[in-house]
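Starting from the given sequences, assemble the full structure and let the hints guide the process.
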Amino acid sequence: MTDDPPFNPALLPAGFVDRLPPEAEAEAAGVETLMRVFAAHGYDRVTPPLLEFETTLLSGSGAAVAAQTFRLMDPDTRRMMALRPDITPQIARIAATRLPDMPRPLRLSYAGPCVLMASNRGEGDRQISQAGVELIGPDGPHADAEIVALAAECLATLQVRGVSFDLTMPALTTALLDAGGFEGHVRGTLMRALDRKDAAAVARHGGDLANVLTRLLHAAGPAHGALAELAAVDLPPAVRALSERLAATVAAIETRVPGIRLTVDPVEFRGWQYHTGVCVSVYAAGQREELGRGGRYLSNDDEPACGITLRPDIILRAAPPLPSRTRIFLPWGTPAEKAAALRAAGYATVSALGPDEDPLAQAALLACTLVVVDGQLVPVDDA
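For the sequence shown, my numbering gives the first residue as 75, with consecutive numbering after it.
Please note that a few of the clues may not be correct.
Derived DEER-like restraints, expressed as beta-carbon distance ranges [as the list claims (entries may be wrong)]: (1) PRO174 <-> ASN285: 41 to 49 Å; (2) VAL260 <-> THR121: 44 to 52 Å; (3) ALA137 <-> ALA192: 12 to 20 Å; (4) ALA113 <-> ARG344: 30 to 38 Å; (5) GLU363 <-> ASN82: 23 to 31 Å; (6) ASP252 <-> ARG335: 49 to 57 Å; (7) ALA88 <-> ASP432: 38 to 46 Å; (8) PRO332 <-> PRO123: 38 to 46 Å; (9) THR263 <-> GLN361: 29 to 37 Å.
Honestly, the hints are just simulated from the structure, not real lab data. A virtual CB, placed ideally from N, CA and C, is assigned to each residue, including glycine.
As structure tokens, then:
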């Protein structure tokens, strides 16, 4: 005898869900919409595996996602394997090891599921979907602008409203702390203060750079105001070069996407472990979660790269519902050529499976709004 409760076959681990109709079809359609936009701009699709050897998946830029990675033993080789929590490191591997001789710039796109050890806030989905692009080879503001422009076009195609792009330069914070000579415990304390946007703590621990860091904390906001404040601050040469690159990227984005809503946070660095240049987070009005994020990094062989990863599941919560196919019930005996013509016209056809079925009852039961009567389409309610 056991005191364990009866097993519920519908029970899933926390953070894992079944996608049911019509949500599953809507997500698939949304992903394919994103992929069509990517393909129209010359991004070739690749499909990395969900599972890789741990040493491969977590090398290079993949080391930054090690804490979010499920691991398991391969019974064949007895080597540790890992489920990907993010596809970007896999694209970096493919570019370096499978496509090293392809002409640059190399444009790659991808879509697929990922599995996380835990969601960002310990709640929500742990199996997520990603769709994105990576632009490998060039290192300039116009390359950074291209990935932002692609994301903007994708969201416009899906009719997402109130979209904004938040730009940051994580390397700027690191360069400032290096210039100030901050090390060890003091550096860690100051980084935590910057992370929390704690201006009082930054003033206490910032030493000679306290005024600069405090001004930059308060500079976050609409792009032009933030960049003007950044330009007015006396910065060390290495930091000034980074701020100028950020400003050049903003200019390139605005040239490519007039009217785009851009904000800048000069000292934001949370969650950008493997990024080396301008980074971007995508938001929409009324949505707490990011719709996507990306930025500049080094591929596995230290080749310059930039990209953006979108979250189709979150995007579709911010977008108007995608139209579903109109369902037509085909009574027994409907000619095959008639059914094929209806499908070619974009309808979904649901066929009777026997002569004794009541067409109207079956049409209503199976959520069909139209039924074929004497070769014509008739609304179920009027038939």
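Comparing the hints with the structure gives:
1. PRO174 <-> ASN285: 41 to 49 Å: holds (47 Å)
2. VAL260 <-> THR121: 44 to 52 Å: holds (47 Å)
3. ALA137 <-> ALA192: 12 to 20 Å: holds (18 Å)
4. ALA113 <-> ARG344: 30 to 38 Å: With a Cβ separation near 33 Å, ALA113 and ARG344 satisfy 30 to 38 Å, so the hint holds.
5. GLU363 <-> ASN82: 23 to 31 Å: holds (29 Å)
6. ASP252 <-> ARG335: 49 to 57 Å: Between ASP252 and ARG335, where Cβ atoms are some 32 Å apart, the hint is violated.
7. ALA88 <-> ASP432: 38 to 46 Å: With Cβ atoms ~44 Å apart, the hint holds.
8. PRO332 <-> PRO123: 38 to 46 Å: 40 Å Cβ-Cβ, so the 38 to 46 Å window holds.
9. THR263 <-> GLN361: 29 to 37 Å: holds (33 Å)
In the structure shown, a violation is registered for the earlier hint numbered 6 alone.
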